[in-house]
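Q: This note's numbering numbers the first residue of the sequence shown as 59 and each following residue consecutively.
Careful: at least some of the hints might be erroneous.
[Said to hold, decoys possible] Each computed BS3-like pair below joins lysine-lysine, with the alpha-carbon atoms no more than 30 Å apart:
hint, residue 1, residue 2
1, 596, 615
2, 307, 658
3, 487, 625
4, 507, 658
5, 699, 578
6, 507, 487
7, 596, 623
8, 625, 567
9, 246, 284
10, 596, 548
[What the hints assert, rightly or not] Using C-beta positions, here's what the derived DEER-type ranges look like:
hint, residue 1, residue 2, range
11, 83, 303, 50 to 58 Å
12, 601, 123, 46 to 54 Å
13, 633, 160, 50 to 58 Å
14, 340, 570, 53 to 61 Å
15, 490, 612, 52 to 60 Å
Source of the hints: derived by calculation from the structure; they are not laboratory data.
Glycine included, C-beta positions come from ideal geometry on N, C-alpha and C.
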Amino acid sequence: MGAQKISQRGNRTGQTISRPSENTFVEKLNAFLDKRLTFLFFLSLIFIAILSYALFDVRISLSGDDSAYIERGKRFLEYGNYPGYQGPLYPVFLSFFMAIFGMNIVLLKVVSLFCILGFQTFTFLTLRHRVPALLTSAVLLLVAFNAEVLYYASQTYSEAFYLLLVAWALWFYITHFADRNKDYTRGKQVGMALILAAILLCMGLARSIGYIGIIVVLLFGLCYRKYWKDTWLIAGAFVFVYLVWSLLKWMLWGKGGAEFSGQLTMLLQKDVYNASVGQEDLGGFLGRFWGNMKNYISFHFYEILGLRKYTREMPVSALVSVVTFVWGVVGLVVSWRKNKVIFLMGLYAGGFLVLTFFIMQVFWNQGRLIVPVLPYLLLLLLSALYYFPDRKWRSAMHVVLPFVIVLVFMTETGRLSAKVKEVSKVTDKYYGLTPDWMNYIRASEWAAKELPENVVVGCRKPSISFVYGNGRQFYGVMNVPTGSAEELLKQCQDSPQEYAIIAVGELEKQLPVSLVGFLKDNTEAFYFNGQQTLLVIKGEAAPMADFKHLLETAQVKREESITLKEKDFVIYPDELLQKLKENSVDYILSASLRADPARKTNRTINTVERYMGYISQKYPEAFVKVAQVGSDDNEPAIIWKINYPQLPDRVR
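Generate coordinates for the entire structure from the input sequences, incorporating the hints supplied.
A: This is the structure in structure tokens:
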């Protein structure tokens, strides 16, 4: 099985790759498939269209990301708002179709199907006559029958759009740079570099991790001496295009900096929802990498291929993760010498996964995060068997390879059949909703229909409420803002006013009306030190003296001092209320959304309820119940009106 020059039609690199002799089964299979590759490609498109129709789901997911893209696209279309979070390009892309068809969810989902078809087309054009026909056919068919990929053909997530951009970028780079069969004029070479740079920028604007594309292209170019000149040209073109885009963004929206800066700041935190915990350290990032690698490789990757069955416990295997990692590294090393197209795709898959594993919080644990590299990871692993480095074992690997492809195909079709059966039961947009979500969605619809058009409703899942509320504006109460405990203690020391600190538990005693009134009017903050919640009271010297006397009479113990700890934080009720006022929020939708989606427990996603609770402890009259959807014992959702006229002037 010696090496030979490839001279088949369409190949322009003249690169040397290891091919088995013509009498081997794999070589005969390659020859058979190569003559029918175009037919197989069109067949794969037909299967994608048919199976996507069978899997078509009219519902919006409950994660909120897909509906958030629609919401930001609508805001861009109607008000020109820059959709800066989670990648601005996809909402802008959707806005073009909304301008034509309106907020038609089904048609917006169909756009994703065309993106998948476009991805498959560019992938075929890239692999044809550059990658052995067996590997090309395997990737095309395994993608066409993969339930996870086809799921995104009927969703408004950004996966399908991003897959299209990546496939376009790879095809363009290989066609016009890595595999160019003639010299371009200087002007055309610069033009091609600028177009490639624009496509790579689009990848980054579609998803923040897409900026890995320019890094991969530069690394690939530096791995081969003959591409060095083009590599520096592409780097310069990307810098130019990025600066032009940044200037345009600043001129139109007054926004500077990278789109991913806000996301990056959160991801660098130890706790993405609590900045006060601090920034992650090296050990933390290494822990993330190991935890994510086990989750995504040993479980999600093989579950997506149908080789593992999904369970709520999600067992992971360090051994499977390490073996797969080494397998991928072998594929990357051998493809560097044997096939540059596979090497480029493998380099992209590896860079994408390594960055994802380092930077993503382990608890997110979503299989969709590796879908954008699934085809390239498959190709890399299969190529490790095809180009196995040890000649003695290569023949055995060529026997194993077709069986691996057939095995994965069979498990994928089994998983696909189950998914089709499951989707066939969907009757409408409410199908399968648990009572907590049914009540939440119907409360959103009630608010959109019954409340005045000019009022804003605060809620936990604003994008879902937006879609089910037919484009009605909702405000996201996504977290409870916290403040610095150290700063508050410094204010207590430096302020001319008097402070008193009381454990909230002490207030459960029977208190005189005058004491309760003073607490309401003078509560400054809630202080959390990990063991108990403290109430910080602020006032002028004379009233505070009377207040302290009342505390003694009521036998309410005051805290004489606080020992500051690293994780201490504070919450200011007036700040919470002011934030609602600044965003013109007039109503609040509270719900009983389950912390465990699979079953009803006492644990709920209580961000909105906690937000309201801190305000209510200081201002009991702040919220007035307007409507309730669902009975008290069946996970209800409630609409509350913020009673601004009854609040002090400073927070009205």
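Q: A separate judgement is required for each hint: does it hold in the structure or not?
A: Evaluation of the provided hints:
{"no.": "1", "hint": "596 to 615", "result": "holds, 16 Å"}
{"no.": "2", "hint": "307 to 658", "result": "violated, 46 Å"}
{"no.": "3", "hint": "487 to 625", "result": "violated, 43 Å"}
{"no.": "4", "hint": "507 to 658", "result": "holds, 29 Å"}
{"no.": "5", "hint": "699 to 578", "result": "holds, 20 Å"}
{"no.": "6", "hint": "507 to 487", "result": "holds, 18 Å"}
{"no.": "7", "hint": "596 to 623", "result": "holds, 22 Å"}
{"no.": "8", "hint": "625 to 567", "result": "holds, 29 Å"}
{"no.": "9", "hint": "246 to 284", "result": "holds, 19 Å"}
{"no.": "10", "hint": "596 to 548", "result": "holds, 13 Å"}
{"no.": "11", "hint": "83 to 303: 50 to 58 Å", "result": "holds, 51 Å"}
{"no.": "12", "hint": "601 to 123: 46 to 54 Å", "result": "holds, 50 Å"}
{"no.": "13", "hint": "633 to 160: 50 to 58 Å", "result": "violated, 39 Å"}
{"no.": "14", "hint": "340 to 570: 53 to 61 Å", "result": "holds, 55 Å"}
{"no.": "15", "hint": "490 to 612: 52 to 60 Å", "result": "holds, 53 Å"}
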